Every structure is written in C-alpha cells, then in structure tokens.
Amino acid sequence: MIRVENLIKKFGDTEVIRGISADFFPGKVNLIIGKSGSGKTVFMKSLLGLYDIDGGEIYYSGEPLSEMDFKRRKTLRTEMGMVFQGSALFDSLTVEENVIFPLKMFSNMIEADMRDRVNFCLGRVNLEGANKKYPAELSGGMKKRVAIARAIAMNPKYLFCDEPNSGLDPQTSIVIDNLIREITLEFGITTVINTHDMNSVMEIGDNVILIKDGYKAWQGNKADILTTDNENVNEFVFTSQLLRRVKELHLQSSRRE
Amino acid sequence: MNFYKYLEDFGRYVLMLGRVFRRPENKKMYFEAFLIEIEHLGINSLGLVAIISLFVGAVVTIQTALNLENPLIPAYYIAIATRESIILEFSPTMVSLILAGKVGSNIASTLGTMRVSEQIDALEVMGVNSASYLILPKIVAAVFFNPILISMSMFLGILGGFVFGQLTGMIGPQDFIEGLLLEFNPFYVTYALIKTVVFAFIITSVSAFHGYYVKGGAVEVGNSSTKAVVSSSLIIILANYILTQLILS
Ligand SMILES: Nc1ncnc2c1ncn2[C@@H]1O[C@H](COP(=O)(O)OP(=O)(O)O)[C@@H](O)[C@H]1O
Ligand SMILES: [Mg+2]
Numbered sequence: 001m002i003r004v005e006n007l008i009k010k011f012g013d014t015e016v017i018r019g020i021s022a023d024f025f026p027g028k029v030n031l032i033i034g035k036s037g038s039g040k041t042v043f044m045k046s047l048l049g050l051y052d053i054d055g056g057e058i059y060y061s062g063e064p065l066s067e068m069d070f071k072r073r074k075t076l077r078t079e080m081g082m083v084f085q086g087s088a089l090f091d092s093l094t095v096e097e098n099v100i101f102p103l104k105m106f107s108n109m110i111e112a113d114m115r116d117r118v119n120f121c122l123g124r125v126n127l128e129g130a131n132k133k134y135p136a137e138l139s140g141g142m143k144k145r146v147a148i149a150r151a152i153a154m155n156p157k158y159l160f161c162d163e164p165n166s167g168l169d170p171q172t173s174i175v176i177d178n179l180i181r182e183i184t185l186e187f188g189i190t191t192v193i194n195t196h197d198m199n200s201v202m203e204i205g206d207n208v209i210l211i212k213d214g215y216k217a218w219q220g221n222k223a224d225i226l227t228t229d230n231e232n233v234n235e236f237v238f239t240s241q242l243l244r245r246v247k248e249l250h251l252q253s254s255r256r257e
Numbered sequence: 001m002n003f004y005k006y007l008e009d010f011g012r013y014v015l016m017l018g019r020v021f022r023r024p025e026n027k028k029m030y031f032e033a034f035l036i037e038i039e040h041l042g043i044n045s046l047g048l049v050a051i052i053s054l055f056v057g058a059v060v061t062i063q064t065a066l067n068l069e070n071p072l073i074p075a076y077y078i079a080i081a082t083r084e085s086i087i088l089e090f091s092p093t094m095v096s097l098i099l100a101g102k103v104g105s106n107i108a109s110t111l112g113t114m115r116v117s118e119q120i121d122a123l124e125v126m127g128v129n130s131a132s133y134l135i136l137p138k139i140v141a142a143v144f145f146n147p148i149l150i151s152m153s154m155f156l157g158i159l160g161g162f163v164f165g166q167l168t169g170m171i172g173p174q175d176f177i178e179g180l181l182l183e184f185n186p187f188y189v190t191y192a193l194i195k196t197v198v199f200a201f202i203i204t205s206v207s208a209f210h211g212y213y214v215k216g217g218a219v220e221v222g223n224s225s226t227k228a229v230v231s232s233s234l235i236i237i238l239a240n241y242i243l244t245q246l247i248l249s
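Going down the list, the sequences are from chains A and B.
In terms of full-length UniProt numbering, the first sequence is residues 1 to 257.
In terms of full-length UniProt numbering, the second sequence is residues 1 to 249.
It should be emphasised that the hints constitute simulated quantities derived from the structure, not laboratory data.
Fair warning: this is a prediction, and the values are worked out from it, not measured in the lab.
Every residue gets a Cβ at the ideal spot worked out from N, C-alpha and C, and that includes glycine.
Careful: at least some of the hints might be erroneous.
What the hints assert, rightly or not - So the derived list for chain B, only partly shown, Cβ under 7 angstroms to chain A, looks like this:
#	residue
1	Asn26
2	Ala33
3	Val116
4	Ser117
5	Glu118
6	Gln119
7	Asp121
8	Ala122
9	Val125
10	Met126
Take these sequences, add in the hints, and give me the full structure.
See below:
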C-alpha cells in the first residue's frame, strides 16, 4: 500500500501539486483522473521519487520515501513497474531484450529461467511470437503491451501506468485496461493509473481520485461517479451529451427504486 | 553568456560525475555495454581517423618540403617536422577535435532522445543508476580506445608523409627515416597519449552531460548535440594549452 500525505511539488515558483493526500491499496486499480495539464504525470513521478518533492511525505508499506537512502530507493524500485505514456521502450533493443532487461540487471536467475519468464510475460499480454521485433516495428497498442510485460517482469508490488490508453483506439484501450486490471487482481499489485479516458474509469475504477489544478477535487469509485453531485466531477466527467444523458437516466431509475 | 550559469552547469556536471562513478549494479551488464561502446565510439571511427591521418601526414610533409627548399637545410628536417607536428599536435589534438564532432554529437543525441522519450526515467524506475549505466561505459570505452586510435593516427600520419614524400620525389626513404630517428624524444609520445586520455574523458563526459539533462523535445535534442560539440571542442583547446604548460614547460 502507498500513502501520500499533503504532497507538494513546485517547478521554480509554480506549485504544480498543491497538497494532495491519498491512499492506494493492494489488489486494487487506483485511478488518477483529471484534465490534461492538471498534474497527473508530475504527481506520479513524484510518487516514484523521479522528482524531488517540496513538501509532504510518501509512505511505501509504511516506510517514508524521504528517509530512504540511494541504496534503499534502488531496492524499492526493483519492486516497482511503470508503463510510461509513450511506452519508453529501449529502442536499440528487441521486444525480448526489453523485457529481459530488468531480469538480467537485478535477478540471479539462470538464462533459461529468464527466457521462460519473458515468454510468460509476453504471453500474458498476448504478444507471443513478437520476441525478435524492434519497437519501431510495433503498433502503439503492441508497444504498450510490451511496456506492460516489461513492467511486470520482476513481479512488482507496485505498478504505475501513465495514460496507458493515450493514442489507442477504444477497443484496444479496453483490452489494455482489462489486462492491467486482471494482472492487478491476479498478483495483488498496488496499481496506480493516470487517465483522462472515461471509458477506463467506468470499466476499472475501484478507487478514483480527481485532480484539478494540482488539488484533489474528489475521491470515490466508479459507482459514486454516477450519483455524486460534486461539481468538479460533473464538469470533468459529464462533458458530452451522451454521458450527461446516462447520468440522468441512472438518477431517475435509482429514484424509482 | 552569464557567469553564474556556467558555474551552475559546472556544479551539475560535477554532481553528474558523482553519480556516474558509483559501483555498477551488475558488472556483466556494464561490461556488455562497454563492449558495445567500444564498437560505437571506437571501431566505427577507425576508417575516418585512418584516412584523415594519412592525408594530413602527406600534406604536412609536402608543405614542409615546399617551404624548406633551401639547399643548406638537409632533407631529413622534413621528416623531423612531420614527426613533431603529427605526434605533438595533429594526432592527439586535431583528431580528438574531429572525434568531439563525430562521437560527441552521437552521445548527446542518443542520451537526449532517451531523456525526452522517458527511456532514462524507465531505467531509473527499474532501479538502475541511469547516469552510471549509460555514461560510464562510454567514458571508459573512449579512455581505453582513443589511445589506440591516436597511436594508429600517429603511425599512419607519418606513413602518409613517408609515402607521399617519396611519390612526389620531395624526400627519399633514407632521408625520411634518418629524420624520424634523429633526436627522437619518446616522452613526446607519452605526452600525446596523456592528452588523448584527458580529451577522451572531456569528449564523452561533456557530451553526455549535454544529452543527459535535455528538457523538451526533438528541437532541444538537436540543440544539445550542437552544444556538446562546441563546448567539448572549446574545453579540449583550453585543456590542450594547460596540459602543454604543465607537462612540457
Ligand atoms: N519539468 C517541468 N518543468 C516545469 N513545469 C512542468 C514540468 N512538468 C510539468 N510541468 C507543468 O506542470 C503541470 C502539470 O503537468 P502534467 O503533470 O504533465 O499534466 P498531466 O495531468 O497532463 O499529466 C503543467 O502545467 C506543466 O506545464
Ligand atoms: Mg501526463
């Protein structure tokens, strides 16, 4: 579990994250939603310690990140996996070499076991047979899947995904969402996903946090979204006619019951 | 063009080196990366360095010969002049400057692209010390391989002079060899190789600094590679002056 207390992150004089607190639970898909530019990526990178923060604290299983030295942080990071917005595959390496990379760097496995693990992970994301391809030869959806395979190679306790659906068509998006959800439940991972895709929210949002201008504007789950009268949620979520209509119908039917 | 900006950059450069020179998390992986860099930064430059050295050696010999057309000056002086200019300056300094262009821009753009496409973040999240894993093998490869490149350059430069001197009829083989051996100071080679090692360190670390800390996108990556070449060249020239003062005077 990850606990965030009053996180503050500035760039120069601009406060981008202005005091966010949140808990992220194991075996759950935790979603951070918000408009583009609201601070999702900065928040996530601060959680991971990729940015030095200007205030607050982050606890990994109760242990404060600020008190971890260089070495302890590195061990913690071997328990983390991350899927970046642009996939961030190493483009000089093949699919297989990308996935095996963390294993070669950190595990004591013998070569054959590493190969098995790579094939398992690639199988898990339905990419059998793509082992020898280079990232440049893959479609956006395939790259995301390789990135997921690489992120789960080390059996992470924590999985972070920054807009895993950006640039994907709706069908592929749902495949990726469900994949992340299944993996989360299967291995009891604490998963945090940044997204502004409402389909994902309604599909997999166990615990949803809405960020607006660097503040936490709302927290709840996908069922709450349909009933809440929080203005920020309604403004962010129900932007289209279709979604507003869905909410009206939902409220009408729940009043009737 | 602001003094504090340079001071700040220098501070960040020193901090980066502090991160580069840490114990590798996996020696085998670092060694593999080192071998790849030997190929990228070293072997791939062999052809370029060879051709340039041969022809510059030839030109130095011909130019000296043309300028020394005086019957009172013995012909072997041409060989001495070729030897001294190739060993002392052309091979260590000029070839290093050429490598600063070729290797420096390559390092900066590779690292810059990895930065803006979040590949460096991906390494960090895995727990890899990205500065060390990406930069240390490049520095070590260049510091190890450039002396080989430069020694080859010295040899080929002098060979170029020898061959072209003969082909143009400006200096015969006996005179050339006599000149080469006359008052030859082997310490000059040591001096040249010391410079080479320092320059190799400058080229790789300064270019890596510019690439590693890129912010932004493709345009900034391009700018960083220009900056890498310009600043490593300037620092080489400055270091050349300082080293010459320190070692030869
Ligand atoms: N490295 C940076 N330096 C300065 N400002 C930044 C940096 N990264 C992000 N920002 C600013 O922080 C805000 C939040 O950005 P980000 O977290 O990327 O938003 P998003 O929710 O779309 O992921 C934006 O206004 C952005 O301009
Ligand atoms: Mg973002």
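Of the numbered hints stated earlier in the document, which are not met by this structure? Hints 2, 3 are the ones this structure does not satisfy, whereas the remaining hints hold.
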